[in-house]
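Taken in sequence, the protein lines are chains X, E, V and P.
Using my numbering, you'd call the opening residue of the first sequence number 1 and step up by one each time.
Using my numbering, you'd call the opening residue of the second sequence number 1001 and step up by one each time.
Using my numbering, you'd call the opening residue of the third sequence number 2001 and step up by one each time.
Using my numbering, you'd call the opening residue of the fourth sequence number 3001 and step up by one each time.
Hints may be right or wrong, so weigh each one.
[What the hints assert, rightly or not] Below 27 Å or equal to it, Euclidean Cα-Cα: the simulated DSS-like pairs (lysine-lysine) are: (1) Lys3065(P) x Lys2215(V); (2) Lys1220(E) x Lys2065(V); (3) Lys1065(E) x Lys215(X); (4) Lys3065(P) x Lys65(X); (5) Lys1215(E) x Lys2065(V); (6) Lys1065(E) x Lys220(X); (7) Lys3065(P) x Lys2220(V); (8) Lys220(X) x Lys3065(P).
Rather than coming from a laboratory, the hints here were simulated on the basis of the structure.
As the structure is a prediction and not an experimental result, all values here were calculated from the model.
Protein chains: 4
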Amino acid sequence: MNLTELREEVCRANLDLVGHGLVTLTWGNVSGINDDRDLVVIKPSGVGYDRMTPEQMVVVDLDGKVVEGELRPSSDTPTHVLLYRRFEGVGGVTHTHSRCATTFAQARMELPCFGTTHADHFFGPVPLTRPLSQRETETAYEANTGEVIVERFAEIDPVSMPAVLVAGHGPFAFGHSAGDSVVNAVALEAVAEMALGTIALRRDAPRLESYVLQKHYDRKHGAGAYYGQK
Amino acid sequence: MNLTELREEVCRANLDLVGHGLVTLTWGNVSGINDDRDLVVIKPSGVGYDRMTPEQMVVVDLDGKVVEGELRPSSDTPTHVLLYRRFEGVGGVTHTHSRCATTFAQARMELPCFGTTHADHFFGPVPLTRPLSQRETETAYEANTGEVIVERFAEIDPVSMPAVLVAGHGPFAFGHSAGDSVVNAVALEAVAEMALGTIALRRDAPRLESYVLQKHYDRKHGAGAYYGQK
Amino acid sequence: MNLTELREEVCRANLDLVGHGLVTLTWGNVSGINDDRDLVVIKPSGVGYDRMTPEQMVVVDLDGKVVEGELRPSSDTPTHVLLYRRFEGVGGVTHTHSRCATTFAQARMELPCFGTTHADHFFGPVPLTRPLSQRETETAYEANTGEVIVERFAEIDPVSMPAVLVAGHGPFAFGHSAGDSVVNAVALEAVAEMALGTIALRRDAPRLESYVLQKHYDRKHGAGAYYGQK
Amino acid sequence: MNLTELREEVCRANLDLVGHGLVTLTWGNVSGINDDRDLVVIKPSGVGYDRMTPEQMVVVDLDGKVVEGELRPSSDTPTHVLLYRRFEGVGGVTHTHSRCATTFAQARMELPCFGTTHADHFFGPVPLTRPLSQRETETAYEANTGEVIVERFAEIDPVSMPAVLVAGHGPFAFGHSAGDSVVNAVALEAVAEMALGTIALRRDAPRLESYVLQKHYDRKHGAGAYYGQK
Chain X
1 MNLTELREEV CRANLDLVGH GLVTLTWGNV SGINDDRDLV VIKPSGVGYD RMTPEQMVVV
61 DLDGKVVEGE LRPSSDTPTH VLLYRRFEGV GGVTHTHSRC ATTFAQARME LPCFGTTHAD
121 HFFGPVPLTR PLSQRETETA YEANTGEVIV ERFAEIDPVS MPAVLVAGHG PFAFGHSAGD
181 SVVNAVALEA VAEMALGTIA LRRDAPRLES YVLQKHYDRK HGAGAYYGQK
Chain E
1001 MNLTELREEV CRANLDLVGH GLVTLTWGNV SGINDDRDLV VIKPSGVGYD RMTPEQMVVV
1061 DLDGKVVEGE LRPSSDTPTH VLLYRRFEGV GGVTHTHSRC ATTFAQARME LPCFGTTHAD
1121 HFFGPVPLTR PLSQRETETA YEANTGEVIV ERFAEIDPVS MPAVLVAGHG PFAFGHSAGD
1181 SVVNAVALEA VAEMALGTIA LRRDAPRLES YVLQKHYDRK HGAGAYYGQK
Chain V
2001 MNLTELREEV CRANLDLVGH GLVTLTWGNV SGINDDRDLV VIKPSGVGYD RMTPEQMVVV
2061 DLDGKVVEGE LRPSSDTPTH VLLYRRFEGV GGVTHTHSRC ATTFAQARME LPCFGTTHAD
2121 HFFGPVPLTR PLSQRETETA YEANTGEVIV ERFAEIDPVS MPAVLVAGHG PFAFGHSAGD
2181 SVVNAVALEA VAEMALGTIA LRRDAPRLES YVLQKHYDRK HGAGAYYGQK
Chain P
3001 MNLTELREEV CRANLDLVGH GLVTLTWGNV SGINDDRDLV VIKPSGVGYD RMTPEQMVVV
3061 DLDGKVVEGE LRPSSDTPTH VLLYRRFEGV GGVTHTHSRC ATTFAQARME LPCFGTTHAD
3121 HFFGPVPLTR PLSQRETETA YEANTGEVIV ERFAEIDPVS MPAVLVAGHG PFAFGHSAGD
3181 SVVNAVALEA VAEMALGTIA LRRDAPRLES YVLQKHYDRK HGAGAYYGQK
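My request is simple: use the sequences and hints to build the entire structure.
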């Protein structure tokens, strides 16, 4: 995939995010990295979705410096590029303030795995970061947001756990491509909504049996996966 | 109804499911059985709804073996065919991960009958299956999902109770046709949403009087039914 | 307004109900009465909204007997005609199973007046009927549904309180015309949704001050009303 | 911006409010003030949004007296003009009965700052007014609604806190223009919805760290703001 194609994919992924109802105003951004993993294409900052074009997408290097594009990149760019530097298997990143996932981030609770919908996408509870310290907030805030995510993933693989909740902020979802990270952001919001309801019905709702978690994850993502088309 | 017509009906039923807002991403599948009850038409696995055609529907026999079609059938096919083998009166099956019905399945609670909306479609509380054992999960998982449903219906008639909640998973709805099973899936989600609210308002909300349950069910489905057109 | 015009208004009112998102499947019906108060136009039973025409509307007399129309009238017709017989000021009736209003009916709670949105439409808490007895349910169920509403309004004026919750069933809304009863059904659902949230936030949320209730109701419906255009 | 342009902006802002899903029936109104701060353009009272035109917007002076326009201005006009008289930095005002913000107003709770979505728009908890007294309600009700807002803002800057909840009533949002006040009304509803969920998950959910509140507010609104395009 060349850079022109990547611009098109990232633009389409940003518009898909809107189509799935995950965006209010201009909150939300999707990026993708090229095959050489040295250039990232990302949504411009604070631009309306109604006339977004591939040409408006901004190309930055892995330090977040603009390489191509007239517009400022998303203010969350330093978080995105840091994730690409540290997470080798990740080819796309989506950040949203989607209602239910953000609600868990605000309550500072990880998202428990209550069912197979969750297990189809996330191999276990979706982790919550620690809050940033005052110093981390006042200097290089967005890069440090990436740092607390990476810190939380010390023993977690972002490929089998393609989402995280940043405490007091909201979700980031990952994927092997920009489009795939949007799919995971959509799945995250759906399972967060159902987890909110599950907890409302029953504070002590049981977590999904670990063998069902394993089964559902494997049938979709494992070596012998048989979900979807070949 | 010949097989071509059944493909059309099943395709339309799958699209209706989307129209009723019960589908996120590609989660959800509808099937229907032919009059001879030896061939089942079902949605292909993991295919987008935006360009779904009757030709893409997959025809399988009652062992789930593909008889016609280029695509893989839904990964839930073994559940569907088992239900057709065991439930004589059932001509259509719909599986969704619709938000509120799945929430009850995750909380591992049956869906109580709180009102006449429920009684118009389901003759009593919508049952919850037991969880699958580790062995049932690791081997023939989808067929065993059907087995726990059938086990739960030992003393329940799937015609007067056209839905079930699979513990930790989500709902299956039945009907005399593919389209009718979609109607029941839509009704199930609506009454699940209202039951969530009813319980939130009042943990001890009274169940619907049994004579009202009987009356509403009968006026729509009984011998002297007078709801709808002749 | 002649009968042709009334058919058109009732048809449009039924479609507006759908446009406002208050209808699932075919649940919901609107009727209107003519100026002579001897003929009622009502939606046919169980007919889809996608191709509804004024010609399909059914004309019945005040006993619910079909006077004009090829289709069966709504199965709730006996409730509608009884309300017209007993409530002089009512020119239109809307019945729905809208989610939040029905939730209160299922929890068997009246809908408290928590704010001015409520006060703009309903002069006090929206009343709840008693449940029907077994005998009232088994014989003339729909007419008796009307009777328990009328019984509940012994000391309430349906003009200043144009809605009621039937226990274990759902809401009926009234108005001076079919269209006006739809407006009240929409307002009822909105205030029911906000009341659900208000109670979730605070079980002991205070009722709106009675002088604010009076003020809001009067500025919209009183002698010196100054809301809207002359 | 001349008065014709202001009419267009205010009309568009009212329609945007509908587009963002914040309006039920005709509940909601947006106004804007001219550069000389002596004329206010506001939505007419109780008029449908489906055929709203700039010509229908009403021009009033700072006493609320109609200067131009055939229609009655919004019944909330006295509140709007009082806010313009007292809040120098405010160029646009939006009033809605949006579901979640109104829910907090009805529960008579200020809206706590639980996350960065909130901090991006509102510098601290969104304040709640006191209820109006009986005398304030019976005479000059709408102007007094403005008075209790101004009273509540004695030590709050409406530029950094562009919203308020009127007890038992609903939200007003402010902005440097009509369009900007709509953006703040949309943000308010989103954060209110997430706050409802946050409290449901955890009654004791922690408030956002004050240094994160400061950071988010500053990066969007401070001297060194770097959100959006230059």
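Each hint, compared with the structure:
1. Distance restraint check for Lys3065(P) and Lys2215(V): the Cα-Cα separation of roughly 22 Å lies within the 27 Å cut-off, and the hinted pair is therefore satisfied.
2. Between Lys1220(E) and Lys2065(V) the CA atoms are separated by roughly 20 Å; this keeps the pair inside 27 Å, and the hint holds.
3. Note on Lys1065(E) and Lys215(X): the hinted pairing holds, with a Cα-Cα distance of about 22 Å set against a maximum of 27 Å.
4. A C-alpha spacing of about 55 Å is found between Lys3065(P) and Lys65(X), which places the hinted pair above 27 Å, so the restraint is violated.
5. The straight-line distance between the Cα atoms of Lys1215(E) and Lys2065(V) is roughly 22 Å, inside the 27 Å bound, and the hint therefore holds.
6. This hinted pair checks out: Lys1065(E) and Lys220(X) have alpha carbons roughly 20 Å apart, not beyond 27 Å.
7. A hinted pair counts as satisfied when its Cα atoms are at most 27 Å apart, and Lys3065(P) with Lys2220(V) qualifies at roughly 20 Å.
8. This hinted pair does not check out: Lys220(X) and Lys3065(P) have alpha carbons roughly 66 Å apart, beyond 27 Å.
Hints 4, 8, counting from the list given before, are not met by this structure.
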